[in-house]
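Add chain C to chain G, keeping to what the hints say.
Below, each chain spelled out in residue letters.
2 protein chains.
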Amino acid sequence: MSEPQNDTDESVAEALDALDEAIEAKQGDRALEILKTLDWEDQRRAISRLTRGEAETLLDILGIEQSAKLLSHLTEAQAVEIIESLPPNVAAAILDEMPAEESSNILRELHDDDAKEIIAGIGQKEDRDELRKRLEYEDGCAGSLMRGYPVTFRENSTVGEVLQDLGEHAEDYSDRDVQYLYVIDEKEVVVGVLRLRDLVLSLRHIPVRELMIPEPVTVIDTMPLDDLAELFEKKKYFGLPVVDSAGRILGVVPRDSVEHETAEEQADMFLAASGIVNGEELRSMELKDRCIKRLSWLAPNIVLNIAAASIIAANEATLQEVIALAVFLPIVSDMSGCSGNQAVAVSIRELTLGILRPKDYWRIVVKEGSVGVINGIVLGIVLGAIAYLYKGNIYLSLTVAIALSLNTILSVLLGGLVPLFLKRMKVDPALASGPILTTCTDMCGFLLVLSIASSMLSKLSGI
Amino acid sequence: MSEPQNDTDESVAEALDALDEAIEAKQGDRALEILKTLDWEDQRRAISRLTRGEAETLLDILGIEQSAKLLSHLTEAQAVEIIESLPPNVAAAILDEMPAEESSNILRELHDDDAKEIIAGIGQKEDRDELRKRLEYEDGCAGSLMRGYPVTFRENSTVGEVLQDLGEHAEDYSDRDVQYLYVIDEKEVVVGVLRLRDLVLSLRHIPVRELMIPEPVTVIDTMPLDDLAELFEKKKYFGLPVVDSAGRILGVVPRDSVEHETAEEQADMFLAASGIVNGEELRSMELKDRCIKRLSWLAPNIVLNIAAASIIAANEATLQEVIALAVFLPIVSDMSGCSGNQAVAVSIRELTLGILRPKDYWRIVVKEGSVGVINGIVLGIVLGAIAYLYKGNIYLSLTVAIALSLNTILSVLLGGLVPLFLKRMKVDPALASGPILTTCTDMCGFLLVLSIASSMLSKLSGI
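Protein chains in written order, with this note's numbering: chain G, 90 to 552; chain C, 90 to 552.
Just chain G, same shape as in the assembly (with noise of 0.2 angstroms):
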């Protein structure tokens, strides 16, 4: 794989020069014929190396259809960065090219007074009337996702004039998934769904009637993400029809909108386990947002590493007496961290695939104790020995050795338990699990150790 590579690189490396080039000249038919060699990957690499100044000219000219295009390629953290650079008469142009599934999670994504001037710039009236109608949906539900437009009959229309009416429409129906068409009754209500291949294999003149799946499964505009997921992995829909309180059919949530949503959804928990909170952070965004973005999550981080570590401040005595406790301090407590997060990322994944509901406290206790007892007991056999080896004291060895242990149980029970709690209270698991468990066991952890030392601390002086 290497060579191919290399080459590919190169020549990757090339036209993001050739890029800057032609950006620099203002050569629009250049830059986009560029843009066309590089596949999405690439596209992405080189807009995210552009400066915001750099990005702005080259949508100047690019122009308005071209740069819709461009921005449906990017992530969606990319494109808000860049709409948000942009003066909003031109932000409402390109957006008001884009499907309004994606323009309107762009417009969510910003501030709401920078979303509303945006909007306003749209000259469509119905245009507008769409995005805000969009914007009004919570984030991931299945009114925010669908595809507007649907392919839709009436009851009474016969095979053969919905086979004409799709010839007809072929150009409009071309980006639409037509393999699956919604039948209406006069309240544009969703009687039926029709199956292509059962159109193909009929006789031309039975009215859709006779041949569609009646009672069809639908799902409301308000549905969260989540139940939209569970639904889609229960049977292999292509897609679903969204609905709104009075049945009428909005659009179509296709299965690979909910699918990335998810794949995003998944994506946000792995940043926010670690750090990165409030959406995604890309380095092309600027170093203040960045660096403010990071502080917020470590400043209330200071709290708590400050409130574990009072508890040294208070124990300063035992400390000083035995010297050699300030070794394993550090030790006990990022061990026992570590256990407790393997139980936070089991229950995390159980809770995901739904094999664990967020009342199934008592078996937490049962599997996690369990492994607990037994880990803590290996774990706290091990650090005694390199104790005792280290200084040739069986107290000392002791010491750290219970306090291990009994850390470990603690912080394996507490981990597999607190991603639950969050879950009921409607806080994200990934977010809050790992500062609450990381504080509780470095608290313990150092308790632990110093009051166990204390307690014999006649045998422990001077070491």
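No wet-lab data here; the hints were simulated from the structure. Check before you lean on any hint, since a few could be wrong.
You can't tell identical chains apart in this list, so a pair holds if it fits in one copy or across any two.
[To be verified] Straight-line distance between alpha carbons at most 30 angstroms, and here's what the computed DSS-like set of lysine-lysine pairs gives:
hint, residue 1, residue 2
1, 382, 512
2, 205, 382
3, 158, 214
4, 115, 276
5, 480, 512
6, 158, 448
7, 276, 125
8, 377, 323
9, 205, 276
10, 548, 205
11, 548, 323
12, 205, 324
13, 515, 548
Below, chain C without anything else, positioned relative to chain G:
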């Protein structure tokens, strides 16, 4: 959401109890009936609550065919666990009933000897051969994900013949995606793709040669998951034909298989980053296996922790002199660890999105260095101020402020770079970045605090 949720939960709990009773009474029909009232998630939950013995009894009373269906709906880890516990001939019968791409993925997770024994127990020679062939593929590559037996036609077939064939074999094709059909030449080489919608809208006597999209995109059976995911992201293919090195069609890899596998990989990444390595852990697995799995990750970590703590051991004299430092050692190391983890997460995410390449070191140095300097100074000032409030000694305050600032810079640089190095060395960044980073930031944090302190020991002595 709370009211109906509770209702459902209660009826599910009742169903689970009834299932237990049915299993105990060996009432196969009743057990099957109860399972059918549950959705997939609840089925998974129900199974995860059974002991291995109970699960075996359940499959026994369900019979081969129903067991195969049940296994298809479980998570892969659950299916592997159950297959492992069954007698090889029963496992063989059940796996033989499942689609080859599913059963081969389960077999792949077993010990080689167990997998061989099970395959040997399968009745038909061609089924055995197919499974053996599939097991030779790397996990996640096109050959391991593809569905076999694609729907193919010859170039000179007419539209009418194809439609007739589809009608006659509607039953056989019912579980396959027929909106794309493949046209092959006499050597079984794929020469075109037919869209069902185009067939529908054509005259029946036209040969498919004139209607097909010629020279379609095909993937070689050894193409790895990453490349497949990239291809599917580039264009909205429903599926792509998989060919051998001679261009002969072997199967079709559907979009949802690629997306499902990618999501699994993301989940594995999250688990690996939290210390659950070599596949996932479910709490229904045996206690011994769960303990060993977790210890296999904790054991190397204890070594790394001791390496870090050895820095404290080497500087015990300084610490004895200035015991207040013991309070700040864990704060400095933990806080830098948090900062570094944020950089790790951003690098892993950017690598995944394709906007960062493993050799973009310089970009990371610039982008992370600047964040490190700013956040390092901010955090240093905060911690320095707290240290001053705590002991009223400006030198203690300076020591921790400088140590935290420098260690933050180092940590974000390292955090940003380590995933790139690991990726180049073909090691999973999610797996190894955390421990490497934590060990380094702990060591450097301890070293910075203690060596800065010892350089101004006379000013700090006794606090």
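Going through the hints against the structure:
| no. | hint | verdict |
| --- | --- | --- |
| 1 | 382 / 512 | both (24 angstroms within a copy, 26 angstroms between copies) |
| 2 | 205 / 382 | within (24 angstroms within a copy, 53 angstroms between copies) |
| 3 | 158 / 214 | within (23 angstroms within a copy, 51 angstroms between copies) |
| 4 | 115 / 276 | neither (53 angstroms within a copy, 51 angstroms between copies) |
| 5 | 480 / 512 | neither (45 angstroms within a copy, 41 angstroms between copies) |
| 6 | 158 / 448 | between (46 angstroms within a copy, 29 angstroms between copies) |
| 7 | 276 / 125 | neither (45 angstroms within a copy, 35 angstroms between copies) |
| 8 | 377 / 323 | neither (45 angstroms within a copy, 33 angstroms between copies) |
| 9 | 205 / 276 | neither (32 angstroms within a copy, 60 angstroms between copies) |
| 10 | 548 / 205 | neither (71 angstroms within a copy, 59 angstroms between copies) |
| 11 | 548 / 323 | neither (63 angstroms within a copy, 69 angstroms between copies) |
| 12 | 205 / 324 | neither (39 angstroms within a copy, 32 angstroms between copies) |
| 13 | 515 / 548 | neither (49 angstroms within a copy, 50 angstroms between copies) |
Hint compliance for this structure: hints 4, 5, 7, 8, 9, 10, 11, 12 and 13 are not met, and every other hint is.
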